[in-house]
Amino acid sequence: MTGTIIVSIYIFVLAIFAGFELITRVPPLLHTPLMSGANAISGITVVGALIIAGAGDSNLSTILGFLAIVFATINVVGGFLVTDRMLEMFKKEGQKK
Amino acid sequence: MSILINIIYLLSISLFIFGLKFLSSPRTARKGNILSMLAMFIAVMVTLLDRQIIDFVYIIAGILIGGLIGTIAAKKVQMTAMPQMVAVFNAFGGIASALVVIAQYLRYPNQVDLNNAVTIPITLFIGMLTFTGSMMAFAKLQELMRGAPITFSGQKTLNFMLHLAILVLIVLFILDPGTNRMQLLLLILFLAGLVGITLVLPIGGADMPVVVALLNSYSGLAAAASGFVIHNYILIVSGAIVGASGLILTNLMCKAMNRSLMNVLFAAVGQESDAVATAGKKSVTRYTPVDAAMILENAQSVIIVPGYGLAVAQAQYALQDMVELLQKNGTTVLYAIHPVAGRMPGHMNVLLAEANVPYDLLKDMEEINDEFQTTDVVLVAGANDVINPAAREKGNPLSGMPILQVDQAQSIIIIKRSLSPGFAGVDNELFYDQKTMMVFGDAKEMLLKIGTNLKKE
Chain A
14 MTGTIIVSIY IFVLAIFAGF ELITRVPPLL HTPLMSGANA ISGITVVGAL
64 IIAGAGDSNL STILGFLAIV FATINVVGGF LVTDRMLEMF KKEGQKK
Chain Z
2 MSILINIIYL LSISLFIFGL KFLSSPRTAR KGNILSMLAM FIAVMVTLLD
52 RQIIDFVYII AGILIGGLIG TIAAKKVQMT AMPQMVAVFN AFGGIASALV
102 VIAQYLRYPN QVDLNNAVTI PITLFIGMLT FTGSMMAFAK LQELMRGAPI
152 TFSGQKTLNF MLHLAILVLI VLFILDPGTN RMQLLLLILF LAGLVGITLV
202 LPIGGADMPV VVALLNSYSG LAAAASGFVI HNYILIVSGA IVGASGLILT
252 NLMCKAMNRS LMNVLFAAVG QESDAVATAG KKSVTRYTPV DAAMILENAQ
302 SVIIVPGYGL AVAQAQYALQ DMVELLQKNG TTVLYAIHPV AGRMPGHMNV
352 LLAEANVPYD LLKDMEEIND EFQTTDVVLV AGANDVINPA AREKGNPLSG
402 MPILQVDQAQ SIIIIKRSLS PGFAGVDNEL FYDQKTMMVF GDAKEMLLKI
452 GTNLKKE
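Protein chains in written order, with my numbering: chain A, 14 to 110; chain Z, 2 to 458.
Incorrect hints may have been included.
[To be verified] With a cut-off of at most 25 Å between alpha-carbon atoms, the simulated BS3-like pairs for lysine-lysine come out as follows:
#, chain 1, residue 1, chain 2, residue 2
1, Z, 76, Z, 32
2, Z, 329, Z, 450
3, A, 104, Z, 77
4, A, 104, Z, 283
5, A, 105, Z, 436
6, A, 104, Z, 445
7, A, 105, Z, 22
8, Z, 256, A, 104
9, Z, 77, Z, 329
10, Z, 364, A, 105
11, Z, 32, A, 105
Hints listed in this document are in silico derivations from the structure and should not be mistaken for laboratory results.
Put together the whole structure using the sequences plus the hints.
Written as structure tokens, this is what we have:
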């Protein structure tokens, strides 16, 4: 068990480094879509919620899991769609109608 | 957890990383977002293969309800309201992580090993504080409550005590033999909620970009923490990346305002009592929109400095119409965007892109600061603190803040309602400069008037 938690911590720390490298390259021009897009990605919690809501263990845990799915899905779907809506507006000179 | 599922999760993670990599250029950004969507879709689909799932009713219902609400919100939201929307989404991310962890505990209350005894209360703390903090930020941004900082005596002590109490409760949870754990979790949940509220209460409207970015980071960390609880690597990696992203943006915003994070969180800058105008003694050069139009027509190069006031007045469209006329005239026009020009990082760029401004004309502060010297006319609309030369002097709230070097241009036109100081409450010397022409009035109305006067040519 200690093995898994150490692996998890390794992965977490390395992912933070990867995140720093990736995000510092995003220009200020796109920081708002970056935030809403990252927001959608943080809705990945939905993956955990799915298992809990579907396992049918107890009524309470199923309901909490269901609520978690609703909240996380709003986050995912809303976040990605609004990011797409914003990025669609970014056009180069001459590309405009 | 089967190996197949984990391998496909790895594929999803790789797609997320490529998606974010594509965000480094506006040409590929949209593709990048679609890759991230694909990654999320794959992750959800493969999770449904998990053998623990026996009942799909709640899953389908949850996804349909959440998807519908998310779609409507994304289609309806005004671009000026993006900070509120991101705040609400942060809140939902935080509460979802907290709910997952409570539910996981309820499933196996008697199988809490040391790892989970540590990670469950920590996840609850981060998730719940993200939820209430973000809801407070939403209420302030949406103007459901006063945007000014709300302070009371003993606030810092209360904050410290809350954190201490939560720390003690977490230790008690870890040491508990299993009899009082649920009560302890509920207490942590309640106190974490209070922490979120007291975190955002003392923060003023101008500092909201920092807080929204910080809470963005927390919502990622909450997701990562819940990954530790349910041993799910995709949650850990994705959450960590979002956490890092939010931290970078928080840091950039703090730098742009020349403040430390601690100062933003605890100094309660921007209280109404701070803003005392000292104007009235010095003389200003007053111009009409007709004069301004003439000056602009004769300029070879123009830089426009838009501020948030412009977007509030929905004047970016009038501005763009005016700019198109100038461009037909042969004038080069660029936009100078200060990092804190909007209500969240990058906000002003989105608002201008919406008004059909091509992104290659939008220059950030570092790109454009050297160009002011060689520019004929700078047109400032709705910006104040970010062009205040007082930032170069010592001993005022703006000291040291990076500003747009507007005062180095040949001449300056400033559209503003009055001479009142900005959020920082510091009088702006630039208004009284000899090369500055003040056009007093509503930004949209004045820009429209300048535009019609250009059309007569």
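Consistency of the hints with the structure:
1. 76(Z) <-> 32(Z): holds (19 Å)
2. 329(Z) <-> 450(Z): holds (18 Å)
3. 104(A) <-> 77(Z): Cα-Cα ~21 Å, so holds.
4. 104(A) <-> 283(Z): violated (44 Å)
5. 105(A) <-> 436(Z): This hinted pair is violated, its Cα atoms lying about 33 Å apart.
6. 104(A) <-> 445(Z): holds (24 Å)
7. 105(A) <-> 22(Z): holds (20 Å)
8. 256(Z) <-> 104(A): violated (29 Å)
9. 77(Z) <-> 329(Z): With a Cα-Cα distance of about 34 Å, the restraint between residue 77(Z) and residue 329(Z) is violated, given a limit of 25 Å.
10. 364(Z) <-> 105(A): holds (13 Å)
11. 32(Z) <-> 105(A): Distance of about 16 Å is within 25 Å: holds.
Hints 4, 5, 8 and 9 from the earlier list are contradicted by this structure; the remaining hints agree with it.
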